[in-house]
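Asks: Letter by letter, the chains look like this.
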Amino acid sequence: MRLIKNVGAWFEARLQLATPIRETMEHPVPPQSASWAYVFGSAALTVFGLQLVTGILLALLYVPSAGEAWNSLQILNHQVTLGWFIRALHGWGSNFMVAIVLIHMVQVFLLGAYKFPRELTWIIGILLLLLTLGMAFTGQVLRFDQDAYWGLGIGASISSRIPVLGPWIVKLLLGGPIIAGATLSRFFALHVFVIPGSLILFVGLHLLLVLKLGINEWPMPGRVVRRATYLQEYHEQLHRDSIPFVPAAIGKDLIFSGAILLAIAACALLFGPFGPGGQPDPTIIQTAPRPDYFFLWLYAVLSLLPPSLETPVLLIGPGIALAVLVGLPFFSGEGEKSWKRRPIAVLAILLVAVSLGTFTHLAGRAPWSPVMDAWSGDPIPANYLKAHTAVQRQGALVFQAKQCHNCHVVGGSGGERGPALDAVAVHLTHDQLVRQVIQGGGNMPAYGKNLNPAETTALVAFLETLCPVGQAPARDASRDAIEANQ
Amino acid sequence: MTRRGVLMKFGILLNGAAGLVLAVPIVRYLLSPVLRESKPGYESWLSLGSVALYPAGQTRLATFQNPGRGPTDGVTADIPCWVRNVDNVKFQVFAINCAHLGCPVRWFPQSGLFLCPCHGGAYYSDGSRASGPPERGLFEYRYKLEQGNLLIEAGEMPTAGAPSASLINISEGKSPCA
Chain A
0 MRLIKNVGAW
10 FEARLQLATP
20 IRETMEHPVP
30 PQSASWAYVF
40 GSAALTVFGL
50 QLVTGILLAL
60 LYVPSAGEAW
70 NSLQILNHQV
80 TLGWFIRALH
90 GWGSNFMVAI
100 VLIHMVQVFL
110 LGAYKFPREL
120 TWIIGILLLL
130 LTLGMAFTGQ
140 VLRFDQDAYW
150 GLGIGASISS
160 RIPVLGPWIV
170 KLLLGGPIIA
180 GATLSRFFAL
190 HVFVIPGSLI
200 LFVGLHLLLV
210 LKLGINEWPM
220 PGRVVRRATY
230 LQEYHEQLHR
240 DSIPFVPAAI
250 GKDLIFSGAI
260 LLAIAACALL
270 FGPFGPGGQP
280 DPTIIQTAPR
290 PDYFFLWLYA
300 VLSLLPPSLE
310 TPVLLIGPGI
320 ALAVLVGLPF
330 FSGEGEKSWK
340 RRPIAVLAIL
350 LVAVSLGTFT
360 HLAGRAPWSP
370 VMDAWSGDPI
380 PANYLKAHTA
390 VQRQGALVFQ
400 AKQCHNCHVV
410 GGSGGERGPA
420 LDAVAVHLTH
430 DQLVRQVIQG
440 GGNMPAYGKN
450 LNPAETTALV
460 AFLETLCPVG
470 QAPARDASRD
480 AIEANQ
Chain B
0 MTRRGVLMKF
10 GILLNGAAGL
20 VLAVPIVRYL
30 LSPVLRESKP
40 GYESWLSLGS
50 VALYPAGQTR
60 LATFQNPGRG
70 PTDGVTADIP
80 CWVRNVDNVK
90 FQVFAINCAH
100 LGCPVRWFPQ
110 SGLFLCPCHG
120 GAYYSDGSRA
130 SGPPERGLFE
140 YRYKLEQGNL
150 LIEAGEMPTA
160 GAPSASLINI
170 SEGKSPCA
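Line by line, the protein sequences are chains A and B.
For reference, each letter of the first sequence is one residue, going 0 to 485 in numbering that gives the first Met the number 0.
For reference, each letter of the second sequence is one residue, going 0 to 177 in numbering that gives the first Met the number 0.
If you are wondering where the hints come from, they were derived from the structure by calculation, not from laboratory data.
Since the structure is predicted, the reported quantities are computational estimates derived from the model, not experimental observations.
Heads up, a few of these hints could be off.
Over the 10 Å line for every Cβ pair with chain A, so calculated as not near, a few chain B residues [as the list claims (entries may be wrong)]:
#1 M0
#2 T1
#3 G15
#4 R105
#5 K143
Partial list, derived from the structure: chain A residues whose beta carbon lies under 7 Å from chain B [stated by the list, open to error]:
#6 G152
#7 I153
#8 R160
#9 I177
#10 A179
#11 I284
#12 L301
#13 G363
#14 W367
#15 Q402
DSSO-like, lysine-lysine: derived pairs with alpha carbons at most 30 Å apart [claimed, not checked]:
#16 K251/A with K211/A
#17 K211/A with K339/A
#18 K143/B with K89/B
#19 K8/B with K4/A
#20 K448/A with K8/B
#21 K339/A with K251/A
In this text, a Cβ means the ideal position worked out from N, Cα and C, and glycines have one as well.
Chain B with its partners taken away, still in its complex shape:
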């Protein structure tokens, strides 16, 4: 083997090593939205204001700020959700996102249904599936009442595969005739 040949091989090896040294931080940087999850997590308890804002027997739109909001988020930092006050003791807080593909569902008190404008998903007042493409009921946030305030645990967009979505009990709501 010639001296030049050895130099070339050493050169390739050195650049390969440099590539690895750089690749590790680059990949970690790219994966930061995923890796961060394991540390504090994205979810935190947020206040939806006084319970008095949500009269018993009604379903009202509420808004909270994304707990992980950044300086460039603008109006996207405000996230809506539906609060249903069942009897002043039991509440249900539904994600705005249709369980089908995430479009914003709207509450129609007259017909007692949540309807989705995209693909026509429909849910009963307790969030359970009524008809249309969704395979399940609306996503629900965990909630608690503290000093007269309604708090929910939120921060992640609920999707069918999100870990937070699977934690919520969805078997509760049943069709009135099931």
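The following block holds chain A by itself, in its conformation from the complex:
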């Protein structure tokens, strides 16, 4: 015991760290700030630590070479003892980290913690969010499978739309003119050196600012932030009533962080590692690339934007979003902190959450994509063909053979790219059906070149039978008038 004390004293005489460490640990915080709402920052830090450790463990075996990466992941999954578990921890850790960082951001926004004097803490926080998303994207690339390969293609295609510099940026991103060995190597350098290094640096600054400026007090409706008086009020409040961070306030942080680590471990154990999917062989084109969940909303947005709006939104949108986030503490640096007095802030969060949730949900179903094999798997139900003429049945055959099923639901199966056709005859007259099939339009390709007149006649004859019992088929009013006059 004495020996330990002596060794400790020997180090302390040289390092002289005991006092600053104790002061940091015991820095005073407002008692109400020791709240369950304030545990997300420390949880993000904990998960970042887990990512560093599991990342280094994976780097022991991962081979950052386009020719070998996929095989080395297979070895990690199937041959190395618990390699699958370390991969699963790292993958689930990344999902949790993105989620926790976002929740932390929402909490800071709703509790007004970004206001004076904590503007810089907020701005560095935005940078940390961007770096976290950068880790997520580059990490998905290192899981070098089909999704990674085509995801890189999507990244390159988006970058290429930047005016003037686009082609340069694509080549810098890919390390050459095409996705190849150099591409994976540079994403490895980004994921393992550049971004984590920046994260460590800015997390350090973020924490330093929290210590220097003090943790945000629990917002009370009516207690208004003013630049002239805030600092004095905050310190007076601390002077009147405060508790040391350790041991009085850290308890909830520790419990939440521990619970998160256990949750990650449980997910890793139950659901296993992510992929890798198919080999990153570009000649295997039977694939439907999808991003990881945190970019699914973007995937949906890119499908649903009108084509002419897409490039402007892609190029200007991120700039506006960033400007709003960075500008926030400057144009709303004073005033009420409590979310109970900030209805617009609450509505803004709800709007963003509902939008992102809706887009993510849509991306899971991807109704804009034709179902590539619907034509072979799902025949037209027999009751759609009963008591039909030969021409109408021939039309049903054309419907199958020309893969109309890929985009259209009939009888409960088929793609959702176009409208369901179960009641198409109620909406479109004979002439309109012919026109729609031949000329397309409304996001439907024209089939005029691909159907001979007999096929078109048969197909339209079949479509005209798609009229539910009890509903009148669409009719051409002008034709009725002509017939009445005759």
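Start from chain A and add chain B according to the hints.
Replies: Showing chain B alone in chain A's frame:
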């Protein structure tokens, strides 16, 4: 000014100069994927094999090797493309990459369409835009026929901003009813 002050200023100047001397090669190294372009360029003529592999009136998947392939490329060195033999004289060679965001388009002979699995882009058999998010038709490689072989000029991933993409005539393909 003291002697120490002069020494410090000289020291800062010397380190600044050293920084510049090192920065030039570092920046050039970083920009190498861009700078190399101006010398021989990335594109070269590659064979897709005998014309007999591509029957008239059909569209077939072909594969070529990236002309700039390196030892670590693995399977990524093989690049697919779609070859359409119009009438044994006229060919069209389409990039696999959707003109929207680069996903691999698939040819469906039954409906006569190229369809993209990502965001639902669709193209007619001549590569022109049919529907969906793409703003233009499929990218086409320049081709030539030599001694019964089909050759294309390739090497760069076609993207909306790539110089090679803008060289290709895209007004050719029109919707059948336009």
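Asks: Determine for every hint whether it applies to the structure shown.
Replies: Status of the hints after comparison with the structure:
{"no.": "1", "hint": "M0", "result": "holds, 36 Å"}
{"no.": "2", "hint": "T1", "result": "holds, 32 Å"}
{"no.": "3", "hint": "G15", "result": "holds, 23 Å"}
{"no.": "4", "hint": "R105", "result": "violated, 6 Å"}
{"no.": "5", "hint": "K143", "result": "holds, 21 Å"}
{"no.": "6", "hint": "G152", "result": "holds, 3 Å"}
{"no.": "7", "hint": "I153", "result": "holds, 4 Å"}
{"no.": "8", "hint": "R160", "result": "holds, 6 Å"}
{"no.": "9", "hint": "I177", "result": "holds, 4 Å"}
{"no.": "10", "hint": "A179", "result": "holds, 5 Å"}
{"no.": "11", "hint": "I284", "result": "holds, 4 Å"}
{"no.": "12", "hint": "L301", "result": "holds, 6 Å"}
{"no.": "13", "hint": "G363", "result": "violated, 14 Å"}
{"no.": "14", "hint": "W367", "result": "holds, 4 Å"}
{"no.": "15", "hint": "Q402", "result": "holds, 4 Å"}
{"no.": "16", "hint": "K251/A with K211/A", "result": "holds, 22 Å"}
{"no.": "17", "hint": "K211/A with K339/A", "result": "holds, 28 Å"}
{"no.": "18", "hint": "K143/B with K89/B", "result": "holds, 10 Å"}
{"no.": "19", "hint": "K8/B with K4/A", "result": "violated, 47 Å"}
{"no.": "20", "hint": "K448/A with K8/B", "result": "violated, 78 Å"}
{"no.": "21", "hint": "K339/A with K251/A", "result": "holds, 24 Å"}
Checked against the numbered hints listed earlier, the structure breaks hints 4, 13, 19 and 20; every other hint is satisfied.
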